[in-house]
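> Following the hints, position chain B against chain A.
Residue numbers (my numbering), protein chains in the order written: chain A, 10 to 477; chain B, 10 to 477.
Calculated directly from the structure, the hints in this document are not laboratory data.
Computed from a predicted structure; not experimentally measured.
Note that CB positions come from ideal geometry on N, CA and C, so glycine has one too.
One or more hints might be untrue.
Claimed, not checked - Calculated lysine-lysine pairs in the DSBU-like style (CA-CA distance at most 35 angstroms, straight line): (1) B:K379 <-> B:K44; (2) B:K346 <-> B:K200; (3) A:K265 <-> B:K125; (4) B:K92 <-> A:K125; (5) A:K44 <-> A:K354; (6) A:K44 <-> A:K92; (7) A:K265 <-> A:K354; (8) B:K200 <-> B:K125; (9) A:K402 <-> A:K346; (10) B:K346 <-> A:K125; (11) B:K92 <-> A:K250; (12) A:K92 <-> A:K250; (13) A:K92 <-> A:K354; (14) B:K125 <-> A:K346; (15) B:K125 <-> A:K92; (16) A:K265 <-> A:K200; (17) B:K265 <-> A:K125; (18) A:K265 <-> A:K379; (19) A:K125 <-> B:K125; (20) B:K346 <-> B:K265; (21) B:K250 <-> A:K92; (22) B:K92 <-> B:K346.
Stated by the list, open to error - Computed, partial: chain A to chain B, Cβ under 7 angstroms: (23) T68; (24) G71; (25) F122; (26) Q124; (27) H215; (28) R216; (29) P240; (30) R247; (31) P437; (32) T440; (33) D442; (34) D445.
Spelled out from the first residue to the last, the chains are:
Protein chains: 2
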Amino acid sequence: MTRTLLPALLLAAATPALAQQSIATLPPPVLADPKAAALRDDALENDHYAWDITEGLTTEVGQRLAATGAEARARDWGVRRLKAMGFANVRVEPFTMPVWTRGAESAEIVSPFPQKLAIAALGYSGSTGPAGVTGEIIYFDSVDALRAAPDSAVRGKIVFIDHHMMPSQDGSDYGQFGAPRRQGPTVASKKGAIGIVIRSIGTDHHRNPHTGVQYFTDGATPIPAGALAIPDAEQLVRVLKRGRPVVMHLTLVSQKTEGGQSGNVIAEVPGRDPRAPILLVGGHLDSWDQGTGAIDDASGVAIVTAAAKHIMDAGRPQRTIRVVWFGAEEPGGLGGKAYAEAHGKEPHAIAAESDFGADRIWRFSSQLSKTDPASYAQLAASLAPLGITKNDKGEADGTDVEPTIAAGAPWISLGQDGSRYFDVHHTPDDTLDKIDPAQLRQNVAAWTTMLALLSGGIEPGAKQPKRR
Amino acid sequence: MTRTLLPALLLAAATPALAQQSIATLPPPVLADPKAAALRDDALENDHYAWDITEGLTTEVGQRLAATGAEARARDWGVRRLKAMGFANVRVEPFTMPVWTRGAESAEIVSPFPQKLAIAALGYSGSTGPAGVTGEIIYFDSVDALRAAPDSAVRGKIVFIDHHMMPSQDGSDYGQFGAPRRQGPTVASKKGAIGIVIRSIGTDHHRNPHTGVQYFTDGATPIPAGALAIPDAEQLVRVLKRGRPVVMHLTLVSQKTEGGQSGNVIAEVPGRDPRAPILLVGGHLDSWDQGTGAIDDASGVAIVTAAAKHIMDAGRPQRTIRVVWFGAEEPGGLGGKAYAEAHGKEPHAIAAESDFGADRIWRFSSQLSKTDPASYAQLAASLAPLGITKNDKGEADGTDVEPTIAAGAPWISLGQDGSRYFDVHHTPDDTLDKIDPAQLRQNVAAWTTMLALLSGGIEPGAKQPKRR
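Here chain A stands alone, though its shape is the one from the complex:
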């Protein structure tokens, strides 16, 4: 044993998964499926369907707040586009829901240093009315710190919850650091606060607040709840650090009415075998109201639709591919629940959604790793040329397909790189210019590969003319 070898051997001992394996003990080789690979490479180079849908939806409709006229225009747009692309059984499956809309909103430090801060109401925020409310700020660095505070310290005040979310590739910190938005308003209300402002759940430094949904639970009375843009939250921290009482005037006007209408837009590539369990792929059509919902989630519906179209262009799959543009995901996944109620008992071979932006897919995971290892290995081999690694420990996620997965559908997750995602998520900055066409095509290539491999085989049919 020489000194130069020792560190390498220690490293190998410490990280056995990365240690060099004898080629004699490697599992049998798995090669990419040639037909899927050809479709993959064509999509990677030539796809324009996804860009066209994303550009069209964000330009010709713009924002698509759930259960509003804008979302209805988006459904009409989707039906027209999906029919024009040659999909079958294009229809809207409507459902009703409450409508929450935003009005005037502002936050102003009254003292000690008068100045305006950039703010946006959170979904289902209570309304201050046009006169607003005024109160002293009380600072917490987490929801738990707020929960631990005596009610008497919070009563009559405006709660401010800070946090320190950093970018992560898989978005895994959104769970923990999203708590100020999801739980903060209810906890603050139960303690008698007259309002709550949080540091936006985001990773950028622009004056664009990140909105997002929250619900008042446990019988909490709705109070005004808003997110400060991150530079403004940092400004408020600096002002608080001067040690003098900080008084804020907060105006968050909003309206909630019952009986709004949303719906899922559904389209199909009919399979040769109508009895074979179907492939369900989707994204959500609605968006928050301040950007044009480009990465959240026009790109998602565009990616899965483009992939299904590539299969349609290639011939007839054995399994039916069902594309769903879910309605009303942002206010709590209502479209996904409506779909599962209507279709959850139909046999699904797979349920998958694209709803994490438009940057490249970097890894995938699926319960096929346990239930169908051969297909999983084939997927891994066919996706690897796109730079996509497999994640054997992945778990099902995705608001829209979760209820269908809960009803028994197997899941697959094509995981996008989220490093930039929370820079623009739920902000006015979610616009078309944030989308990189090359990365968008890589997404389409991956989804096309997956659909080709799980389609049960594509037979050349009366080939459809390519239509935009």
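What follows is chain B alone, placed relative to chain A:
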């Protein structure tokens, strides 16, 4: 002559300035001044004055729109801070001016695709009143294209001027691409337009419009004039490309009143020789109203003040150093004009300002290259260790010191890297988080070096205690 030598010789012939020079013909060596170098290196490593001023002014005052109460609070803040730092002759020199303030503002595409666009009024915009105006958009890709259009094509419409400004290190394209803002409103008004919107003069892709000043000249009637955020201008272009008439509803409420008050805040490091021409350094105290004016121009006043303080900490210069925090630069350099009226005939050894952000200085230029080559060479040698090159072809610029230079003061320009400057210039995004403390210190080091070299010599005096 070998083949490999030929290209090198051709290159040398084509670009003689870069050709290798014989060491026998090099000019005599110039070494950095040791005392200036020591002050430079101390500032580079340890300066906190500039950060403290920038952080304090942006946190404790925030935006400082010219001739408003906010700018008055900033003057009070400045006087307190400059006195606390030990400067002499701290005073405000007031002047009067009209006050322009912004009210409600919105832009909405009414048809064919209803949606809101992000907009900000330009300085001295006409007001639509709360009801707004509605008109068809007419597109131009430059001011010249607008000028060439027949009045009949423009009359009754809302002009939209596009452009394609890219980032540049020296900001030199701001002249050409700023024309839509500076000249567009007047030209549009003269042709009978009912309003004008421009693509923001900027280089980012955020939903933050770039405001800035414009004047209606040549007897033009004020019309509403606003800047669309860049993603919104691009969206409008996409909508226009569909080929259908585009109708916009534009609301830009603003107010202009006479008799407002602004002022210059002035402080000095008194020189040993009261008759020696002084060193004038400055930045501007006012800012636009949407951000906190961190890079425009809290950092500028902070940099020059910090440098003067480093000289003060080192002893007594021969020449007086006069620090000016100019008022009302943004609406047209009113503070600079007021200073030149009051002081332009006093002898100045140099006039210099910092007003191009807070990123590192990359080159300098000065008329000393012609009038005092020895000092210029000494400056070049002493600034080079900061990565600062000399620009023999530079010209005087700087809104605040221009009138004083026009009155006869020699100029020097320490040029900052503007590659990022027009991402946030005149937007809500001009906030403290955009400032890199290390680059800010490099600025202070360069200004300290310059002041030390041109001070006429610093004699150790009753050394002042360092005060924040």
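> Under the constraints set out in the numbered hints, which ones does this structure not fulfil?
The structure breaks hints 12, 18, 34; every other hint is satisfied.
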